[in-house]
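Protein chains in written order, with the numbering used here: chain C, 25 to 205; chain E, 99 to 511.
Hints are computed from structural coordinates only; laboratory data are not their basis.
Quick caveat, the model's predicted, so the values are computed rather than measured.
All C-beta atoms, glycine included, are put in the ideal place defined by N, C-alpha and C.
Any given hint could be a false lead.
A few chain C positions that, by computed beta-carbon distances, are all more than 10 Å from chain E [as the list claims (entries may be wrong)]:
1) Arg29
2) Ala60
3) His73
4) Phe76
5) Glu87
6) Lys111
7) Asp151
8) Ile181
9) Ser186
Computed cross-link-like contacts, SDA-like style, restricted to lysine to any residue with a CA-CA straight-line distance of at most 25 Å [what the hints assert, rightly or not]:
10) Lys419/E to Ile360/E
11) Lys221/E to Lys419/E
12) Lys167/C to Asp125/E
13) Lys138/E to Lys167/C
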Amino acid sequence: MVEDRFLIWRFNRGDPAALCRIYERYRDCLLKVAAALLNDRSGVEDVLHDVFVNFAQSVGRFELRGSLKGYLSICVANRARDTNRTKQHRNAVCLDEVPALSADGVGPEQAAMGRDLAARLDAAMADLPDEQREIIVLHVQSKLPFREIAGLRQISINTAMSRYRYGMQKLRSMLDGELES
Amino acid sequence: MTDTRDTERMVETYLASLRTPAADGVDAKVLPDALTAMHKAKPQTAPSSRPIWRTIMANRASKVTAAAVVAGVVLFALFDSFTQPAWALADAIEALKDLQAVHVVGAFPGGTAEIWMRANEGKTQSTDVVVRGSHGAITWTQDGSTYHYEPGQNTVYYEHAMTLGMAQWLGPELLEMLSAAENAKVVRGKDPATGRDRVMLMCSLIDVHGAQSWVIEFDAASKLPLAMRQWPNLDRSGPPSFDAFKIVYYEDLPDNIFDVPIPSDAKYVEKPLEIPPETVGVMSNPQDGIPVEGMTQQEAAEKAVRTLYRAVIDQDMNSLKNISPLCRNWGDEFLRQIVFKPDKDDRIVEIIEVGRIRKTGQSPLGPIAAIPTTVRLENGKKAQQQMIVQFRQFGEKASCVVHGPYGLPREIE
Chain C
25 MVEDRFLIWR
35 FNRGDPAALC
45 RIYERYRDCL
55 LKVAAALLND
65 RSGVEDVLHD
75 VFVNFAQSVG
85 RFELRGSLKG
95 YLSICVANRA
105 RDTNRTKQHR
115 NAVCLDEVPA
125 LSADGVGPEQ
135 AAMGRDLAAR
145 LDAAMADLPD
155 EQREIIVLHV
165 QSKLPFREIA
175 GLRQISINTA
185 MSRYRYGMQK
195 LRSMLDGELE
205 S
Chain E
99 MTDTRDTERM
109 VETYLASLRT
119 PAADGVDAKV
129 LPDALTAMHK
139 AKPQTAPSSR
149 PIWRTIMANR
159 ASKVTAAAVV
169 AGVVLFALFD
179 SFTQPAWALA
189 DAIEALKDLQ
199 AVHVVGAFPG
209 GTAEIWMRAN
219 EGKTQSTDVV
229 VRGSHGAITW
239 TQDGSTYHYE
249 PGQNTVYYEH
259 AMTLGMAQWL
269 GPELLEMLSA
279 AENAKVVRGK
289 DPATGRDRVM
299 LMCSLIDVHG
309 AQSWVIEFDA
319 ASKLPLAMRQ
329 WPNLDRSGPP
339 SFDAFKIVYY
349 EDLPDNIFDV
359 PIPSDAKYVE
369 KPLEIPPETV
379 GVMSNPQDGI
389 PVEGMTQQEA
399 AEKAVRTLYR
409 AVIDQDMNSL
419 KNISPLCRNW
429 GDEFLRQIVF
439 KPDKDDRIVE
449 IIEVGRIRKT
459 GQSPLGPIAA
469 IPTTVRLENG
479 KKAQQQMIVQ
489 FRQFGEKASC
499 VVHGPYGLPR
509 EIE
């Protein structure tokens with residue numbers, strides 16, 4: 025991304041507008057990544073805060089290898105993993121707090137089923153091993169290619185793809201069980 | 099059983115629907131601390147870019163590239179500003195109706211250049227442009243800015259304006275406009291090499307880029323432009339500054355045509371704001387423009403562009419020429435068609451906002467400044483256009499005029 029390289033160049037020169045632009049550009053995506061990876065979603069803002077403060081401190085010496093979105097997404101994932109380990113517990117999932125699946129143009133029953141599915145997915149995602157959940161979120165939400173995730177995580181691309189596949193199989197297995205019941 | 103793709107879709111929907119905290123609250127929590135952290139850690143000095151730019155422009159290869167870039171701008175942007183020539187070729191208009199992209203190959207003194215260009219959805223102006231020079235230089239537009247990469251210097255020169263491209267897409271609308279030009283001349287005949295019938299349009303004008311003249315050749319059978327030559331003077335004398343010998347149209351082009359790989363260690367240097375010296379004389383009549391005594395540059399520039407857009411909205415030709423004297427170089431009918439656009443749904447009907455001065459520079463006449471204005475069009479869309487304002491001081495009297503657009507307008511909504 026030429027614009028990212030340009031923003032990083034300005035950022036390294038100490039341009040506050042560049043930092044703001046980078047933040048605005050990736051804020052929403054990173055919030056989603058944090059929300060999907062944190063066991064306790066009340067910490068979403070803290071994760072983003074810590075990631076951007078650390079990033080800001082690298083001014084003048086930041087070197088972009090790969091995509092900026094990939095780098096920031098991995099930072100969020102790392103921070104989320106640290107936070108999860110620190111807290112070591114997951115808040116119980118309350119149905120009312122579970123985000124509803126998009127229900128545009130569907131009836132109330134389907135919308136209700138969407139909420140239910142979302143709750144199941146929420147629980148299923150929480151039960152996945154960290155490394156599988158992380159790759160699913162980075163690949164699906166941040167749209168990072170497996171090759172980039174593998175590079176950022178310093179694992180082989182086959183490992184990255186395997187983790188993704190195993191994670192998806194577990195989710196599917198759980199959803200199938202729920203749908204059949 | 100749900101299959102893997104279904105599961106992926108569900109996960110995608112689930113992630114997209116995850117609730118996150120309101121942006122305002124997050125911004126208030128994150129940005130101040132991040133900016134403070136950056137301020138404490140940031141490097142203390144940054145080298146000035148202007149001397150580097152001058153050095154680069156003194157390099158012959160860079161001048162050649164710059165010529166190609168200008169060619170890219172003007173050739174196709176014939177009308178990056180208040181300018182135009184032409185005549186009507188009803189069949190050509192029809193032939194161009196569905197063509198949204200163009201590929202041009204041409205020569206300039208010292209090299210060749212290849213231009214890829216794509217129009218916006220409404221086919222009113224170009225959006226994506228890439229010019230690749232034979233010695234490796236690349237110029238392109240992205241997100242409202244223009245970049246120029248010099249491989250020998252490993253440097254990207256940029257400006258926050260779309261100074262490359264066509265203010266009016268080379269399509270039906272442009273040809274309609276061409277028919278309104280005062281000095282346009284049409285010659286019909288046969289191509290001596292192929293024997294095919296052809297139509298040549300010749301025109302010239304002084305616009306914001308300086309003096310320019312063109313010959314555009316149309317194929318009488320296909321009704322499409324085939325070739326174009328441009329000279330940096332009004333009488334087509336001397337060698338052309340750009341000779342586009344191949345012009346091929348496409349319904350569309352793949353996105354990767356417009357991808358420009360740049361080394362990650364390339365330097366970035368902002369271009370200075372400048373205007374062609376030959377346009378300064380036209381703006382030096384003390385009778386033109388508006389008095390701005392006692393005003394700040396911001397206030398004066400804002401008043402100037404408001405006066406300009408008021409003239410456009412009111413279709414007041416005299417006021418337009420007074421505030422933007424370069425317009426005097428073009429005929430009334432031509433101005434009416436390209437500036438007032440009385441019959442078009444993209445004519446300007448309201449000034450929404452005049453922004454802060456984004457960039458300043460210096461001309462022989464005094465300081466200049468680029469200032470953005472957001473306007474509403476008849477079709478309800480909003481567009482943003484930067485204008486260059488020229489500040490002047492004649493004796494005790496301060497005044498200013500509008501030089502013309504700084505880059506192409508951008509639809510913002």
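To see whether the hints hold, each was checked on the structure:
no.	hint	verdict
1	Arg29	6 Å, violated
2	Ala60	6 Å, violated
3	His73	5 Å, violated
4	Phe76	4 Å, violated
5	Glu87	8 Å, violated
6	Lys111	18 Å, holds
7	Asp151	14 Å, holds
8	Ile181	18 Å, holds
9	Ser186	14 Å, holds
10	Lys419/E to Ile360/E	43 Å, violated
11	Lys221/E to Lys419/E	28 Å, violated
12	Lys167/C to Asp125/E	24 Å, holds
13	Lys138/E to Lys167/C	33 Å, violated
Violated hints, in rising order: 1, 2, 3, 4, 5, 10, 11 and 13; the structure is consistent with all others.
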